[in-house]
Amino acid sequence: MELQVLGHITYCYTGGKAFDAAKPTVVFIHGALNDHSVWILQTRYLAHHGWNVLAVDLPGHCRSAGAPAPSVEAGADFLLALLDAAGLEQAALAGHSLGSLIALEAAARAPARVSHLVLLGTAFPMKVSPALLEGSLTDPKKTIDMVNMFSHSTLAPPPSAMGPGTWVLGGSRALMRRVLASNRQANLLHAAFRACNDYANGLQAMATLACPVLFVLGRKDQMTPARAAQSLIGACRHAQVVTLEVGHQMMLEAPDGTLCALRDFLRP
Amino acid sequence: MPGYANPGFDTLALHAGAAPDPATGARAVPIHLSTSFVFESSDHAAALFNLERSGHVYSRISNPTNAVLEQRISALEGGIGAITTASGQAALHLAIATLTGAGGHIVASTALYGGSQNLLHYTLRRFGVETTFVAPGDIDGWRAAARPNTRLFFGETVGNPGLDVLDIPTIAAIAHEAGAPLLVDSTLTTPWLMQPMAHGADLVYHSATKFLSGHGTVVAGLVVDGGSFDWAAEHARSGRFEELAAPYAGFHNMVFTDESTVGAFLLRARREGLRDFGAALSPHSAWLVLQGIETLSLRITRHMANTQRVVEFLASQPFVSRVGHPLLESHPSHALAARLLPRGAGSVFSFDIRGSRAQGKAFVDALQIFSHLANVGDCRSLVIHPASTTHFRMSDDALAAGGIGQGTIRLSIGLEEPDDLVDDLKRALKLAEKAGA
Chain Y
1 MELQVLGHIT
11 YCYTGGKAFD
21 AAKPTVVFIH
31 GALNDHSVWI
41 LQTRYLAHHG
51 WNVLAVDLPG
61 HCRSAGAPAP
71 SVEAGADFLL
81 ALLDAAGLEQ
91 AALAGHSLGS
101 LIALEAAARA
111 PARVSHLVLL
121 GTAFPMKVSP
131 ALLEGSLTDP
141 KKTIDMVNMF
151 SHSTLAPPPS
161 AMGPGTWVLG
171 GSRALMRRVL
181 ASNRQANLLH
191 AAFRACNDYA
201 NGLQAMATLA
211 CPVLFVLGRK
221 DQMTPARAAQ
231 SLIGACRHAQ
241 VVTLEVGHQM
251 MLEAPDGTLC
261 ALRDFLRP
Chain E
1001 MPGYANPGFD
1011 TLALHAGAAP
1021 DPATGARAVP
1031 IHLSTSFVFE
1041 SSDHAAALFN
1051 LERSGHVYSR
1061 ISNPTNAVLE
1071 QRISALEGGI
1081 GAITTASGQA
1091 ALHLAIATLT
1101 GAGGHIVAST
1111 ALYGGSQNLL
1121 HYTLRRFGVE
1131 TTFVAPGDID
1141 GWRAAARPNT
1151 RLFFGETVGN
1161 PGLDVLDIPT
1171 IAAIAHEAGA
1181 PLLVDSTLTT
1191 PWLMQPMAHG
1201 ADLVYHSATK
1211 FLSGHGTVVA
1221 GLVVDGGSFD
1231 WAAEHARSGR
1241 FEELAAPYAG
1251 FHNMVFTDES
1261 TVGAFLLRAR
1271 REGLRDFGAA
1281 LSPHSAWLVL
1291 QGIETLSLRI
1301 TRHMANTQRV
1311 VEFLASQPFV
1321 SRVGHPLLES
1331 HPSHALAARL
1341 LPRGAGSVFS
1351 FDIRGSRAQG
1361 KAFVDALQIF
1371 SHLANVGDCR
1381 SLVIHPASTT
1391 HFRMSDDALA
1401 AGGIGQGTIR
1411 LSIGLEEPDD
1421 LVDDLKRALK
1431 LAEKAGA
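In order, the protein sequences belong to chains Y and E. When we follow the working numbering, the leftmost residue of the first sequence carries the number 1, and every step to the right adds one. When we follow the working numbering, the leftmost residue of the second sequence carries the number 1001, and every step to the right adds one.
Okay, chain E solo, but in the shape it has when bound (with noise of 0.2 Å):
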């Protein structure tokens, strides 16, 4: 790494975390299939699983092909290490475990992907861990929700299904007045349209099975630590976030904050999440996320200039009477998002057509380039609806409040050609009309 300028983004995105195989010559990151990892001798396993040593013991708590993609991530998002996990689903778990237990508080965004605010609304409840829900752009809501035990603030770099911009200076900051850190999911921008540390967050997840793999193939997550967060001073301050900066009896009482300034959380999150919530990644699905990131800047820039296309289509189109993207004068988040993405807010954004729930499902039935599926980010088109899917367990207030409606189409723009994708809406929006009639 000779030179004297951080490198850049595409480069990062090759290099970051591997080199050459010095056993074999490899140049591509090897895929360390093995569960565990031989000792030199017994002094070096003691020094390992005493925290003396760094390296890897068992591929629950470390793997170096995870090592790389943690890496890779960290360097990409501007933060200082990164644990790979079984799904986004266990990075945010394992985020919120790490900070926080029975009687804590969370301040959480309305706009939330549905699993997120499953275990949010409904989970974690039931293990005494309390959260208040505000819409993102409440910013007297977000200042207002702190409380004493409040643990962490938590919002979409763009919410979910609406497309809400965050605006993340402004929480980060009302969450550092309040003692708490500021936790992002950044799964539909990435880190190639938005870096939310540099904004102020302190922590960010992905589900990695979105862009960053970017084909559909792996269920994966990320959860990244930017550093920034001084959790010995809050302890100090209000007696917060004892689980860092207090002695842990479950690994000799150590105190993480003592063995790192800067990386308390992730020590921690590796040595009790990972350990004893067991949500690893396997080496495999690093690998194809690794994969993934090599290409990203590629591919988002091509998913986002798709995306302005289709999106130009359907606002043209009177059957469509809302279409929920940035890019749109309209929307509300649009001069947020010119200030905050300048590159995209992403590809993944809804609409509604001017029709019944029938019409809808018609809509959707028709389409014969968008897969009809749960999940987006793909590098081919999908589509869902989310009041009977994603959300469905959400009532209706609830959907309301998460700005969507019972005739919501979700779509998630992939790589294909654009005019195909806009002739395959075009045909649908007919069918669909011709299904009202």
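Chain Y on its own, in the form it takes in the complex (with noise of 0.2 Å):
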């Protein structure tokens, strides 16, 4: 579905079901040069299990407009216009990455609004290497290539979100290359490297949370180790941890994990 989100059209995929507004609603956050197709394995099961989802492409990604979010407040800015623009009063958050970090900001602003909030593949600080900041500026193909093999940790993925026989770093990074492409005006990799980077509000957001928070992250994830999450796992007063033995899209290398993990964690 489509949203007039800040002036600009959004869209949202619902995972094969229309929105109901009688149902409790996760919306669901990609990550840097993502898009909403990373989520296809946990949405399109909630969606057919009692629950809206709400999978945003991000401002200026793939099919929504206007300009990338140049840090995350102005990411969770948007995304609490998102929740107004859907008639939500209250939703759960799900945000991996870079949406970790734009969910959690918004949950802290509006703390009301939210009623669980999961950090996937999440750190904070959630620095960016010197050379991949400059490496997003000066040749964005082969920083995507670098931070498709941090982001794996597997030759050997199972069934994943195009089905078995899915090549999952050949999928992630054709990915990347089509959400870079998709907006000519602004250099997606940067923005998101820039806005992961810059963000130095983490724990006084999660200080200030009182719903409960799953951490979903992987033990051999390279590019938000499972220890860079610690200190917002410390400053949680309500978190439930799964960790999973697989790197940073675990969404695509462990889709069963993941969706058992929220499934659990957001049954009421």
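Keep in mind that the hints were calculated from the coordinates and are not lab data.
To be clear about the criterion: a stretch of chain E counts as covered by chain Y if any three or more of its residues have a C-beta under 8 Å from a C-beta of chain Y, and this derived list gives those stretches:
#1 1013-1026
#2 1052-1060
#3 1063-1074
#4 1080-1087
#5 1216-1228
#6 1252-1259
Backbone N, C-alpha and C define an ideal beta-carbon position, used for all residues, glycine too.
Please dock the two separately framed chains into a single complex, following the hints provided.
In structure tokens form, the structure reads like this:
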């Protein structure tokens, strides 16, 4: 479905089910150079099991218009405006990587509007190496290849988003290339890296939250190593932690494990 | 897979898609000869059927052994995923049927395997799909052939049997200008010699029967998606590719481009094509192809070394009027092959003898190491006479357009000792020459 958010068309995948205001809602926020499609094997299931899902394409990404958020704080403003546009008083938020910081900041800004918070592949601070920051400006395609390798942990993933026979490394690279090409006005990779790198409010944001928080971490994650989430976990009042034996792209490398963690956490 | 660089070709050829079996510890890929797979629960079953979760249900649609092969060829081609099929012809049909139906149009090279030419020229016309054939080197012809209903551009990396090298970067650009993807048959070159997607192709298919399996033991096909073509954008622009970008009544009104930004082709091809046409590959056959792929670069390197030896020998023989391999400067694709196929343009090629049709037959019959049969890409050397076998349905004009003469001989150079191959050819050429005396 498409929503008008802050004056721009915003695409949200709804999991193959029409949005139903009577159901609880989970909003999914992707990470750098990703889009809604990284969540297919979690969102489609939840959409057919009692939830609305809104898997958004962030501003300036693929089907959503507008400029990419220049900061995590701006991303949080967008996310809260998205809840307004969808007519949602409250929703669960699930964010991956950059999306996890956006979800965290949005929850801190409007705690009454967030029933659950799920942070996947998260870290604080989420510092990006100077080499990647520089590479995102000078050679985005080469940097995509580096990030892609850092983000995966296996040459033998299970059946994934495009079904059995999916070569996850290739699929992730193709998606990042497609998302990068979807916006000729902005360097989406650099904008995302800069937003991650500059975000400084993580611990304060987490300390304000009263809602339950689920951390889904990858033990083989080289982008946001599991240990890099410990400060956030320590600052969280109601933390649950699920650690999967995979890398950063756990939604694709462990689709069932990620789904089960989400499903069990969100279960009323 | 710890590391910071993309794994190399041979590492992927051995490891992509497969890890030690968690249940048994088996290091080699197990052959899962099971038609179907047990559901964990009714909810799990329903979720698998509705694509809410990913897994194996029934081996016509997917199988764990086949999935290893699908991942492996995707890794080697630089793709996002693949589908195994019962043959290379089934792979070609699956690709076409996923993208078009009655009223659709294809632009294809004239230099095609005879079976592909049959499918496009005769069979698909019966189902309302028209094809315009263009000589692979006729760049203006490719551009002029595009129509508003063109759904696909199609050619072979090296055209059969003249080895006309397809200028993939140029043809891909023309296809994309026309709003259509480029499908490439990469059977004769394999990803070791060329990765067509790196040059702009969107889809690749193989008759894995040939060099990928490499031992003449199995009939199999593969279609690989590069994830590069934006079906949704083209549907929004021209209305084409509604198969991928509009609700599909045959699967809960699923819009495949909504489900996967880059993998819509694969979703529909598996969920419709394998489901309804049913040209699935046996897991045992998939395993045989995997065995072949594990040594692909080693074998192809030897194929190419032997080919160079044989080409040089034939080119030096007065009784041979033409040798059609891009290794030779006289070949029209020599320069293009040097640019796109620096490791070699394959080990299947043709040549003409200075003699009658009867002498051509005498030559084939005199060979002792080369086997006279209708296949290529075996580890053993093979020979055939295209005009009377693989291309026998084509008219003389169509044969000529494809660069095939009545006396053309096609060779597939194997892995034998190269001196023995040259001796076999030398003796057969002498006998053929005597047969005309």
